[in-house]
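Asks: What follows is each chain in one-letter form.
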Amino acid sequence: MNQQELQALRTMIVAHKRWDMMFGLLGILALMIALMTFTALFADMAINGLGRISWEFLTSFPSRRAANAGILSAWVGSVLVMLVTAVAAVPLGVAAGVYLEEYARKNWVTDIIEINVSNLAGVPSIIYGLLALGLFVYTFGLGQSILTAGLTLALLILPVVIVATREAIRSIPQIIREGAYACGATTWQVVSDHIVPYSSAGILTGVIIGMARAIGETAPIITVGALTFIAFLPPAPFTGEPPAGVFDWLFAPFTVMPIQMFNWTSRPEAAFLANAAAAGFILVLMTLAMNGLAIWLRYRLRKNINW
Amino acid sequence: MIEINMQETQLPLKAEARNLSFFYGSFQALKNVNMPIYEKRVTSLIGPSGCGKSTYLRCFNRMHDLYPGNRYEGAIDFHPDHTDLLSPKVDPIEVRMRISMVFQKPNPFPKSIYENVAYGLRVRGESARSVIDDKVEAALRSAALWGEVKDRLNEQGANLSGGQQQRLCIARALATDPELMLFDEPTSALDPIATASIEELITELKEKVTILIVTHNMQQAARISDYTAYMYIGEMVEFGETDQVFIKPNKKETEDYITGRFG
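As they're listed, the protein sequences go chains L and G.
FYI, the numbering for the first sequence is 1 to 307, going by the working numbering.
FYI, the numbering for the second sequence is 1 to 263, going by the working numbering.
Simulated from the structure, these hints should not be mistaken for lab results.
It is possible that part of the hints are untrue.
Among the chain L residues that face chain G by a calculated CB cut under 7 Å, a handful are [what the hints assert, rightly or not]:
| # | residue |
| --- | --- |
| 1 | Ile172 |
| 2 | Ile175 |
| 3 | Ala182 |
| 4 | Ala185 |
| 5 | Thr187 |
Straight-line Cα separation of at most 20 Å, SDA-like style, residue types lysine to any residue; simulated pairs [to be verified]:
| # | chain 1 | residue 1 | chain 2 | residue 2 |
| --- | --- | --- | --- | --- |
| 6 | G | Lys105 | L | Arg177 |
| 7 | G | Lys31 | G | Arg18 |
| 8 | L | Lys303 | G | Gln10 |
Fair warning: this is a prediction, and the values are worked out from it, not measured in the lab.
Every residue, glycine too, gets a C-beta built ideally from N, C-alpha and C.
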């Protein structure tokens, strides 16, 4: 290769690398748009609401006077509803995912079920609210309770849990399955000794991401009849009206964080808007904490699993 | 038909394939395979890629049952009780309880070394700690791994080197006292030193157990096996004592493959 050809080659490489640089910049810009939007929103909420956040804000019931109002009933309601959601959605979603991956024959029936599960993930949440109103509130008579709300949100995140379970199971190499079967294991032994333990990180991540979505849901909760103003907590075990049991709180009326926020934003006084911003700030923190937990759990559980 | 000529025909059989054919859907991967497997001997299967040797091996523990659309014809007569391994009436789990397998790529479970070896026992419902302890130690000793891992039985199996992992998988396959062990190219993912130690191990193991091994390495077949079968496109071309197959093969095709003129 003579000097001239070498020069031409170098010019060409420089020109090609310019495109590398251009795309890199474009990527950073795209990333910034997403990040900056969130940061701006979060900062705005923080500026408006941070002054309101105090121990009293967390431990007070809502009030007609903005300065006395707090989010006690809202965050307790959110936590209890999430608890019911997790308890209902995890076993159902994991069992469904395991069935589809490990037991179901691959035929057109399974294909239809698969398509339906994906479609369910795209159904608007208000539809789940209507379904729950008809099914849980009127047909089963569960009332406008924490149980109803938890089950509704469980249905809502069920597709997310199923899909996460299936993805996690699919990442287990076939040779691990074959190794277990070759030891004489039944499908149930393979599932309980290997498939579920090895996919638990992915499943948990999916569950928490689903819950992080559910905790911010407002429409279906309003539909099933959550209260917007509530100045008492669900009964702790054995403290409700006699005969008091452990699970009385399941049937108690409740409110949740986004509904409390919604209530406050519809008030004309500026002080209530500050309350809403403060509640929003805490709701975002709750969501971020859940996502952080998901990342940490995934790291912890995967540390020992390398194929 | 294949010709079987050998001196020690009085050797007891462990298994015998009779007119064994196998289909992946409509594709016939094995055609009328007939082959004896002698007790406490190493039998190796050689042949070019895609000749059906792994497919044949995986018939012995009914691995093909895991996937839809697979179909067996013929029989594998398993001695001494003359169970037909391929019969739909025989549960594949029963077959896999008697016949264990070591895979091409080491596949330890992401569990401790101890739990890896104990798994076969746990599947059988064994829960007495002392029994499991003893069997785990015995299996690790037989797999020539005890000395290297006895102080770290609770570490993850994946922390071992490739060769150690494969010996761990051999220990797992040994712990349940199998009657027949299947090896599917057990050294193809290993370096030469690890390969040598696995080969030595297989030679020692044949005192206790019958071994059927697939290898793509003809020197390996010559070194470790007593009997060799040469397969080509789903057919058993030649079967005989390893020395005879390698030194004076009956078939031209076998000779061409062994001398490297083909394959």
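Asks: Look at each hint and say if it fits the structure.
Replies: So, going through the hints one by one against the coordinates:
Evaluation of the Ile172 of chain L hint against chain G yields a violated restraint, the C-beta minimum of about 9 Å exceeding 7 Å. Hint status for Ile175 of chain L relative to chain G: holds, with the closest Cβ pair at about 4 Å, below 7 Å. Evaluation of the Ala182 of chain L hint against chain G yields a held restraint, the C-beta minimum of about 4 Å falling below 7 Å. Checking Ala185 of chain L against chain G by beta carbon gives a least distance of about 5 Å; that is within 7 Å, so the hint holds.
For Thr187 of chain L, the interface hint is violated, the least distance from its beta-carbon to any beta-carbon of chain G being 9 Å, above 7 Å. Our distance criterion of 20 Å between C-alpha atoms is met by Lys105 of chain G and Arg177 of chain L, whose separation comes to about 13 Å. A distance of roughly 11 Å separates the Cα atoms of Lys31 of chain G and Arg18 of chain G; the hinted pair therefore holds under the 20 Å criterion. A threshold of 20 Å between alpha carbons decides the hint, and for Lys303 of chain L with Gln10 of chain G the separation of about 54 Å lies outside it, so the pair is violated.
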